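*Asks:* Here is how the chains run, residue by residue.
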Amino acid sequence: MKVTVCIGSSCHIKGSRLVVEQLQNLISENHLENTVELAGTFCLGQCQKGVCVTIGDDFFSVTPENVVEFFNENVLAKA
Amino acid sequence: MRKFDTKIQYLKYKVLREVAKHSWDDTLIENLWDIPKSISPGKEPTMRCCVYKERAILAQRIKLAMGGDKKNPNVIEVIDIACDECPAAGYEVTDSCRGCLAHRCEDVCKRGAIVFDHNHVAHIDKSKCVECGQCAKVCPFFAIVNRKRPCQSACKIKAININDDNAAAIDNNKCIQCGACVYQCPFGAISDKSYILDVIDMIKKSENNSNYKVYAVVAPSIASQFTYAKLGQVITGLKKLGFYTVVEAALGADMVAMAESKELAEKEFLTSSCCPAFVQYIKSAFPALLPYVSHNLSPMAMLAKYIKETSENAKVVFIGPCIAKKSEAQLDTVKPYVDSVLTFEELQALFDSKDIDITSLEEDVLDNASYYGRIFARSGGLSDAVEQALKEQKIDFTVKPAVCDGIEACKTALLKKSKNVLDANFIEGMACTGGCIGGAGCLTHGEKNKSQVDEYGREAMEKTISDAVSVLK
Chain A
1 MKVTVCIGSS
11 CHIKGSRLVV
21 EQLQNLISEN
31 HLENTVELAG
41 TFCLGQCQKG
51 VCVTIGDDFF
61 SVTPENVVEF
71 FNENVLAKA
Chain B
1 MRKFDTKIQY
11 LKYKVLREVA
21 KHSWDDTLIE
31 NLWDIPKSIS
41 PGKEPTMRCC
51 VYKERAILAQ
61 RIKLAMGGDK
71 KNPNVIEVID
81 IACDECPAAG
91 YEVTDSCRGC
101 LAHRCEDVCK
111 RGAIVFDHNH
121 VAHIDKSKCV
131 ECGQCAKVCP
141 FFAIVNRKRP
151 CQSACKIKAI
161 NINDDNAAAI
171 DNNKCIQCGA
181 CVYQCPFGAI
191 SDKSYILDVI
201 DMIKKSENNS
211 NYKVYAVVAP
221 SIASQFTYAK
231 LGQVITGLKK
241 LGFYTVVEAA
251 LGADMVAMAE
261 SKELAEKEFL
271 TSSCCPAFVQ
281 YIKSAFPALL
291 PYVSHNLSPM
301 AMLAKYIKET
311 SENAKVVFIG
321 PCIAKKSEAQ
331 LDTVKPYVDS
341 VLTFEELQAL
351 FDSKDIDITS
361 LEEDVLDNAS
371 YYGRIFARSG
381 GLSDAVEQAL
391 KEQKIDFTVK
401 PAVCDGIEAC
411 KTALLKKSKN
421 VLDANFIEGM
431 ACTGGCIGGA
441 GCLTHGEKNK
451 SQVDEYGREA
461 MEKTISDAVS
471 VLK
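Chains as they are written, first to last, in the numbering used here: chain A, 1 to 79; chain B, 1 to 473.
These are computed hints drawn from the structure, not numbers from a lab.
Careful: at least some of the hints might be erroneous.
[Said to hold, decoys possible] Computed footprint of chain A on chain B, listed as stretches where at least three residues anywhere in the stretch have a Cβ under 8 Å from a Cβ of chain A:
#, segment
1, 195 to 205
2, 240 to 247
3, 304 to 313
[Unchecked claim] Pairwise CB distance ranges, derived in the manner of DEER restraints:
#, chain 1, residue 1, chain 2, residue 2, range
4, B, 420, A, 66, 55 to 61 Å
5, B, 398, A, 79, 54 to 60 Å
6, B, 335, A, 66, 29 to 35 Å
7, B, 416, A, 79, 45 to 51 Å
8, A, 18, B, 172, 46 to 52 Å
[Unchecked claim] With a cut-off of at most 20 Å between alpha-carbon atoms, the simulated SDA-like pairs for lysine to any residue come out as follows:
#, chain 1, residue 1, chain 2, residue 2
9, B, 308, A, 4
10, B, 463, A, 21
11, B, 308, A, 45
12, B, 267, B, 421
13, B, 473, A, 77
14, B, 240, A, 45
15, B, 305, A, 41
16, B, 448, B, 228
17, B, 305, B, 330
18, A, 2, B, 312
19, B, 308, A, 38
20, B, 463, A, 18
Keep in mind that this is a model prediction, so the values were computed, not measured.
All C-beta atoms in this analysis are idealised placements derived from N, C-alpha and C, irrespective of residue type, glycine included.
Looking at chain A on its own, in the form it has when it is part of the complex (with noise of 0.2 Å):
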C-alpha cells in the first residue's frame, strides 16, 4: 500500500509535515514498514482542501488533528 503526502507549499502550511511523522510513528509502532510505503510529492492538485493524502486512487483531506483516526480506518484496517 502506498500513501502518498503532499508536501507542497499549501500543505505544508497546514501541517503537512506533522502529518508526516506521526504516520511514520504510527507505521513503525503497528509494524507495517513492509506493507505500507510512505511518499512524499509536491502539489496534489487540491490545495484547498490539504493536507492532501492519497491511498492509490483514493484521495484524502487529513489535518495533524485527524491523522490518526485516518491512519485506523484507511491505512491500518486495510493493510
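Got chain A; can you put chain B on it based on the hints?
*Replies:* Just chain B, lined up with the frame of chain A:
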C-alpha cells in the same frame, strides 16, 4: 517602480517579450522579421548610428532569445556588431593634464615611463609602462585614466580577449558563464542564450499539465526580485503561465546542507558545489583541486532529482538569478533532472508576454524550506547552513569556512589551498559578488537584497534544516 537596473536589460526584455508573445500563439515565424522594426521604429535612431544598425543588432538579440548559436557550446555569446570596440589602451594621460610643475606622476613612476612635451604636459611611454596605476593615484587633477574595456574589467578571470576585428571575444576554455560581462557591457554586446521557447513549448505541449506536469523550481534570491509585487503574487503568476506548481530550490539547499556537512566531516576538507560558475572555475583553472569539490548535486539538481523520482511524468524548470545554471543543466549529471533554466529577467518577459500583471493577482503561498536553505542566496549563508547541519546531525566536527564573496575571493582561497596555506577546511565559493543575489540574471541589484533574503529566511515556517527535510524521507 523600476523593474530593471539598466536600459540594456530593458531592451533585452522587450526582445524576449515579443519573441515569447508570438511563440505562445504560434505566429513567431511569420512575425520574426517585423520584430526589430517594432522595437526600433521610424527613421531616427535612438541607440546607434542609424536605425538599420539598431535593427541588425536586434535581429541578433532575437537569435539569442531563440537559443542562439547552436554550434557554440557556451551559453554566453558576443554580438560582434553590437560591440562598440571600447578603448583598451590602459593608462593614458587625458587633456585634463595641466602641465603642472610638481610632476608627482613622474616621481612615483618606478619605470621612468612618464615623459613631458614642451608644454610640460605628461605622456606615458607605453614601452616602459607596466599599468600599475600609481601615476593615476597621485595626479591632483585626475588627469590619468585607465582605459579598459568594461567587459574585460568585469571578467576577473580574464576570459575576454579582443579579436582581429577589435571586438570582444570569449575564451570558452576559461569562461565560467558567471555572466559578469553580460551585466557590465554598457552596449549590451554580450548576452546569454535564452531557452524561453523550449519552456513555452513544454508548457503548451503539457496541455494544462495533463500530458505531464511542469514544475517550477525557484531560487531563494527571488525574495529580492519582483519587489514591485508580493512574492505570493509571483507564485500565482507562475501558475497562470501554466506551471503545475512551484517549489523552493531552498529545500534542495536544505538537502545539500545535510549531505555536504556529512561529506565535509568525512573528508575533512571540501569546496562547495552549489555555484556552477565556481565549480567550473575549479575545473578550468585549478584541476588539481577537483577531488575536493563536494560530490553533492547543487540545490537545483538535488531538488529536481527528488521531484523526478517521486512524481511521475514531471518536467522541471529552474528559475533563478543565474546564467551559469543554464550551463549546469546541460551537464550529464544534471540533464536527467532539470529540463530547462530561466532567469528572473526572462520570467518578467514571460509574464508580460501573456499580459499577466502580477500586482493584480491573489497571493499564493511558497513554503517548503528552512531559514538556512533560504539564506543560501547570499554570501555566507551556505557556511551558516553547513555549521547548523553539523550541529543538528550531532556530528562532532568544527567547520572553519573561507567565505568567498565573488570570483576574485574564490581565486585567492583556491590559490592558497593549492599551496597548502589556507586556514580553513571549507571553501564556500560564490562567483557573483554578494552571492546569488548578485547574479547576472537578476532584474535588479541593490543594497537591500541581502536583508530581503534574510527576512524571507526568517519567514520560513520550518526553523531547522532537519524539520524541513524530514518530510522527504
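*Asks:* With the threshold set at 20 Å, check whether the alpha-carbon distance from residue 308 (chain B) to residue 38 (chain A) stays at or below it.
*Replies:* OK: residue 308 (chain B) and residue 38 (chain A) at ~17 Å, within 20 Å.
*Asks:* Take a quick look at whether residue 463 (chain B) and residue 18 (chain A) sit within 20 Å of each other, Cα to Cα.
*Replies:* holds (14 Å)
*Asks:* Is 45 to 51 Å a correct range for the gap between the Cβ atoms of residue 416 (chain B) and residue 79 (chain A)?
*Replies:* violated (58 Å)
*Asks:* Per the hint of 29 to 35 Å, is the separation of the Cβ atoms of residue 335 (chain B) and residue 66 (chain A) within bounds?
*Replies:* violated (43 Å)
*Asks:* Could you grab the alpha-carbon distance between residue 240 (chain B) and residue 45 (chain A) and see if it respects the 20 Å cut-off?
*Replies:* holds (14 Å)
*Asks:* Take the segment 304 to 313 of chain B, compare each residue's beta carbon with every beta carbon of chain A, and decide whether three or more fall closer than 8 Å.
*Replies:* holds (count 3)
*Asks:* Verify the proposed pairing of residue 463 (chain B) with residue 21 (chain A), using a straight-line Cα cut of 20 Å.
*Replies:* holds (16 Å)
*Asks:* Has the given pair, residue 448 (chain B) with residue 228 (chain B), been kept, meaning a C-alpha gap of at most 20 Å?
*Replies:* Roughly 14 Å between the alpha carbons, so the hint for residue 448 (chain B) and residue 228 (chain B) holds.
*Asks:* Taken at face value, is the distance from the CA of residue 421 (chain B) to the CA of residue 267 (chain B) at most 20 Å?
*Replies:* It holds: about 18 Å lies between the C-alpha atoms, which stays within 20 Å.
*Asks:* When you take the CB atoms of residue 398 (chain B) and residue 79 (chain A), is the distance between them in 54 to 60 Å?
*Replies:* violated (46 Å)
*Asks:* Are there at least three residues in the segment 195 to 205 of chain B whose beta carbon sits under 8 Å from a beta carbon of chain A?
*Replies:* violated (count 0)
*Asks:* Given the range 46 to 52 Å, decide if the beta-carbon distance of residue 18 (chain A) to residue 172 (chain B) lies inside it.
*Replies:* holds (51 Å)
The structure is inconsistent with the numbered hints 1, 5, 6, 7 and 13, although it conforms to all the rest.
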